[in-house]
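Trainee: Top line first, the protein sequences correspond to chains A and B.
Under my numbering, the first sequence has 474 at position 474, and the numbering climbs by one with no breaks.
Under my numbering, the second sequence has 431 at position 431, and the numbering climbs by one with no breaks.
Calculated directly from the structure, the hints in this document are not laboratory data.
In this text, all values refer to a predicted model and were calculated from it rather than measured experimentally.
Glycine included, each C-beta is placed from N, C-alpha and C at the ideal position.
A portion of the hints provided could be inaccurate.
[Said to hold, decoys possible] Over 12 Å on every C-beta distance to chain A, these chain B residues come out as not near it, computed from the model:
1) Gly23
2) Pro203
3) Lys387
[Stated by the list, open to error] So, partial list: chain A residues that the calculated Cβ filter (under 7 Å) puts toward chain B:
4) Leu127
5) Arg430
6) Ile431
7) Met446
8) Val447
9) Arg459
10) Arg473
11) Pro474
12) Val475
13) Ser476
14) Asn479
15) Gly483
16) Leu501
There are 2 protein chains.
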Amino acid sequence: MTEFRSIEAATGQPHGPSFAVHGPDDVAAACAAASAAFDVYRTTDRETRAAFLERIADEIVAIGDELIEAAMRESGLPRPRLEGERGRTAGQLRLFAGVVRKGAWQQLRIDPALPERQPLPRPDIRLRMIPLGPVAVFGASNFPLAFSTAGGDTASALAAGCPVVVKGHPAHPQTGALVADAIARAVAASGLPQGVFGHLVGPSNELGAALVQDPRIAAVGFTGSRAGGLALSRLAQAREVPIPVYAEMSSINPVVLLPEALASRGAALGTAFVGSLTMGAGQFCTNPGLVLAIEGAGLDEFIANAVAALEAAAPQTMLTTGICKAYAEGVTALEGNGKIETLAKGLPAAGTQGAAALFRTTAGAFLADKAMGHEVFGAASLVVVCKDEEEVLSVLKGLEGQLTATLHLDAADEALAGRLLPTLETKAGRILANGWPTGVEVCHAMVHGGPFPATSDARTTSVGSLAIDRFLRPVSYQNLATGLLPAELRDDALGDGAPRLVDGVLTV
Amino acid sequence: MTEFRSIEAATGQPHGPSFAVHGPDDVAAACAAASAAFDVYRTTDRETRAAFLERIADEIVAIGDELIEAAMRESGLPRPRLEGERGRTAGQLRLFAGVVRKGAWQQLRIDPALPERQPLPRPDIRLRMIPLGPVAVFGASNFPLAFSTAGGDTASALAAGCPVVVKGHPAHPQTGALVADAIARAVAASGLPQGVFGHLVGPSNELGAALVQDPRIAAVGFTGSRAGGLALSRLAQAREVPIPVYAEMSSINPVVLLPEALASRGAALGTAFVGSLTMGAGQFCTNPGLVLAIEGAGLDEFIANAVAALEAAAPQTMLTTGICKAYAEGVTALEGNGKIETLAKGLPAAGTQGAAALFRTTAGAFLADKAMGHEVFGAASLVVVCKDEEEVLSVLKGLEGQLTATLHLDAADEALAGRLLPTLETKAGRILANGWPTGVEVCHAMVHGGPFPATSDARTTSVGSLAIDRFLRPVSYQNLATGLLPAELRDDALGDGAPRLVDGVLTV
Chain A
1 MTEFRSIEAA TGQPHGPSFA VHGPDDVAAA CAAASAAFDV YRTTDRETRA AFLERIADEI
61 VAIGDELIEA AMRESGLPRP RLEGERGRTA GQLRLFAGVV RKGAWQQLRI DPALPERQPL
121 PRPDIRLRMI PLGPVAVFGA SNFPLAFSTA GGDTASALAA GCPVVVKGHP AHPQTGALVA
181 DAIARAVAAS GLPQGVFGHL VGPSNELGAA LVQDPRIAAV GFTGSRAGGL ALSRLAQARE
241 VPIPVYAEMS SINPVVLLPE ALASRGAALG TAFVGSLTMG AGQFCTNPGL VLAIEGAGLD
301 EFIANAVAAL EAAAPQTMLT TGICKAYAEG VTALEGNGKI ETLAKGLPAA GTQGAAALFR
361 TTAGAFLADK AMGHEVFGAA SLVVVCKDEE EVLSVLKGLE GQLTATLHLD AADEALAGRL
421 LPTLETKAGR ILANGWPTGV EVCHAMVHGG PFPATSDART TSVGSLAIDR FLRPVSYQNL
481 ATGLLPAELR DDALGDGAPR LVDGVLTV
Chain B
1 MTEFRSIEAA TGQPHGPSFA VHGPDDVAAA CAAASAAFDV YRTTDRETRA AFLERIADEI
61 VAIGDELIEA AMRESGLPRP RLEGERGRTA GQLRLFAGVV RKGAWQQLRI DPALPERQPL
121 PRPDIRLRMI PLGPVAVFGA SNFPLAFSTA GGDTASALAA GCPVVVKGHP AHPQTGALVA
181 DAIARAVAAS GLPQGVFGHL VGPSNELGAA LVQDPRIAAV GFTGSRAGGL ALSRLAQARE
241 VPIPVYAEMS SINPVVLLPE ALASRGAALG TAFVGSLTMG AGQFCTNPGL VLAIEGAGLD
301 EFIANAVAAL EAAAPQTMLT TGICKAYAEG VTALEGNGKI ETLAKGLPAA GTQGAAALFR
361 TTAGAFLADK AMGHEVFGAA SLVVVCKDEE EVLSVLKGLE GQLTATLHLD AADEALAGRL
421 LPTLETKAGR ILANGWPTGV EVCHAMVHGG PFPATSDART TSVGSLAIDR FLRPVSYQNL
481 ATGLLPAELR DDALGDGAPR LVDGVLTV
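One chain only, chain A, in its complex shape:
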């Protein structure tokens, strides 16, 4: 295949012009350019790099409605959602610009020489973080703007000083091309080497595999399926020089309804839950796919209202025909499971739409069948009814790693919540109270990550400013003359606004 076309999500039919399919030569050229640009880009000063990130944001916003319309057509997502997503995309680029300017990410440390120390003098030792090298980014289908071509991974890698080669998601090539062109304009306007950003497109997995295997690639950011993330991780580990893979893969995001909250507001929780479940056709990494509740007051009301809301839920166009098919299969498997009761289905779906679905089972059945804990990507959720607190804890302890865990609680539930928290902390990257996991704030304290298989590396986050750390490594400099030290580690750089640990004491 040498060309491929964009598919309109609502119809499943090709639309618009063809795109050239990139092959091994294009991968090699993009990686060579990224590698050649690395030393120039990583030594840009903080202001230059920050202004570049802001310029990307400006260029994306300046595309205007053409971008929103392309994303609507390719993803099936509605206009307000995509306008919000564009704002988020620009916002996270600007957030990282601010982070780059402040300079804490450099983690500067200075241990001055102690020439009189006994029995041996201490040399002068200084440390900074440097970027890993060119980063391969695999965009997600479910956030065609905020987690794709100029999404979170691209923003954090560029902020760290790494050139980026994006493997564009084949579900939105037009959207991706518009954004890639905007980034290229920002690169040129900032006077940076063209290799700071590369963009490869094509429908095959081989393209992505070749990118991860290129020896010039130093790290990988990925958001997508468990199978895809694991495949890339295996390729990265099998390289002559293994590299880190940050894959955000799979999560069912347990929501625990604690007894007092359930008794006092079960009905309202049922309605709100379906609002979170069906948003964006349920196509969020943080979609609430599992609800745990103890038998007792309020549970019937929760279920009754959830059923009523879900049965009135309109079907929604899904991102791709493949996702639509996988969702339908997942729902069929749940329906066909003798230990699972179908509580409700949304209004009937046609074509590339998905209909919401709600199921119920018991803690005993859930614990006996690992498949019930697998993600069904879309607006399906399973209510697990537990006999008592112990069963709730058993179900939580048996879960795989998660992006989020949510508690709905009243003040009188705090003792039980306190019992559950240590387990939730070891299972999830983010713990919420009295909210819904969909909606991931881009800020400094956000963790969008978590233990395997939520991600391939729980030591990090893919949303929020902490994500810059993923693409850095420490280097120390011993007894280097001032003229050879990186500028930010010289004595005369003190006071440049970046925090430093000087002889163990943090100075700002």
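With chain A fixed as given, assemble chain B onto it according to the hints.
Mentor: For chain B alone, coordinates are given in the frame of chain A:
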């Protein structure tokens, strides 16, 4: 086998009592105890944990001369070196105690709620680092105290709040048992659960494999051979839940003699170089195994003095018969390579001793034969003579990842050094000027790490206070009531001395 005995390094003969060989049941019991202790240990307050680390240091020092004598017998290393190593072992435990008290490792972040924000309010989000879980530590043979049972990996993991299960190095079981008992006394004296520290011994690789495969183990610290580190990494990746492995493996630590320095003090550099090369029988991860110099003034003097010093070097007992044999084989391979000239051998070795050896080749030959770049663990080094600056750069660019890279330079060499630095930064974790890589300062700015295969994970260090980060992961808490928040994230904890990023602003 159910028992094994300590081997005296100097004679290669068994010595002292037998040790029970641990098997799968012991691995499971140690991991179960570590897992059971995790929640209690990780929630200790900073002062309790710091005092525990200091108590370990005190208990190790209190063992007295029995420990030094056991380590001398088992490692063949001399008394002053081991007394210094004991000081370093205690010192790094005390360094981490200070780090724990200061609290920066928690990386606290608070983004307060913005209830009036448009179009959506921002929830209250707070972040802290929590420990990964029980850590398996594989001690090194070449630092029977500072990188073994209570060595750097154990200290940093315990500081992070992780219980530790040590797989004791079979080359020093008596030393290891004395230290393990000291840690156990500190655990008991601190009122901590016994599972905070476990100790497994035995001569087989299966023991370590079972430990890495135990599902309760959350991370691995290892210092040793490339083959060993790669084997553990593969096991860790193949688990149902993969875990991070921090393996410090292989490095030849290039030393570059720049022309002006060579011309002005080639002779003195030659003598000093052999001092670094032969220290501790060359059994350092940072041993200078590769010297690069451009043909020209001073090179003959460098070589002449290095040869004279090396030919006068006494043979030294090596750590184990296996290391002694591997070293002899490595030297024989270099001697048998037609492109390598043997410059000098140390005084003849007998039994378990190793004799130093110095070789010379050309940059062209080195670039054509990858095997010349492999580590020979011991006091052997290869001088690579380059025609010009370009050849120096080519050799450096062709090297695998390194723990260190060293420049010897005079002021007039700075321009050339500046040309080499970007390459050195991408190849090594620590860059030194006018010193020798042996001797790794335990401080805040130290990086003892580096790109593969120096380590399996260049994003970190195994020496110095930054090492605590290896065993932590971020968790964020959204809208949790004060009573449920971890104490350090509550509003009333401000002012406890730990730095916090509040709405993006660092406050100390």
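Trainee: State for each hint whether it applies.
Mentor: Here is what the structure says about each hint:
1. Distance check for glycine 23/B against chain A: the nearest CB is about 28 Å away, which clears 12 Å, and the non-interface claim stands.
2. For proline 203/B, the condition that its CB be more than 12 Å from all CB atoms of chain A holds, with the nearest at approximately 29 Å.
3. Chain A leaves lysine 387/B outside its interface by the beta-carbon criterion, the shortest separation being 24 Å against a cut-off of 12 Å.
4. Interface restraint check for leucine 127/A: the shortest CB-CB distance to chain B comes to about 4 Å, inside 7 Å, so the restraint holds.
5. Using the Cβ-Cβ criterion of 7 Å, the hint placing arginine 430/A at the interface with chain B is satisfied: the shortest such distance is roughly 5 Å.
6. Contact between isoleucine 431/A and chain B, as hinted, is supported at the beta carbon level, the nearest pair being about 5 Å apart and thus within 7 Å.
7. Restraint check, methionine 446/A versus chain B: the minimum CB separation of about 6 Å is within 7 Å; hint holds.
8. Of the supplied interface hints, the one on valine 447/A holds, with its beta-carbon coming within about 4 Å of a beta-carbon of chain B, less than 7 Å.
9. Contact between arginine 459/A and chain B, as hinted, is supported at the beta carbon level, the nearest pair being about 5 Å apart and thus within 7 Å.
10. Taken as an interface hint, arginine 473/A checks out: its beta carbon lies about 5 Å from the nearest beta carbon of chain B, inside 7 Å.
11. Taken as an interface hint, proline 474/A checks out: its beta carbon lies about 5 Å from the nearest beta carbon of chain B, inside 7 Å.
12. Hint status for valine 475/A relative to chain B: holds, with the closest Cβ pair at about 6 Å, below 7 Å.
13. For serine 476/A, the interface hint holds, the least distance from its beta-carbon to any beta-carbon of chain B being 4 Å, beneath 7 Å.
14. For asparagine 479/A, the shortest C-beta to C-beta distance to chain B is roughly 5 Å, which falls under 7 Å, so the interface hint holds.
15. Hint on glycine 483/A holds. Least Cβ distance to chain B is approximately 5 Å, under the 7 Å limit.
16. The restraint placing leucine 501/A at the interface with chain B holds, with a minimum CB-CB distance near 6 Å, inside the 7 Å limit.
In this structure, none of the earlier numbered hints is contradicted; all agree with it.
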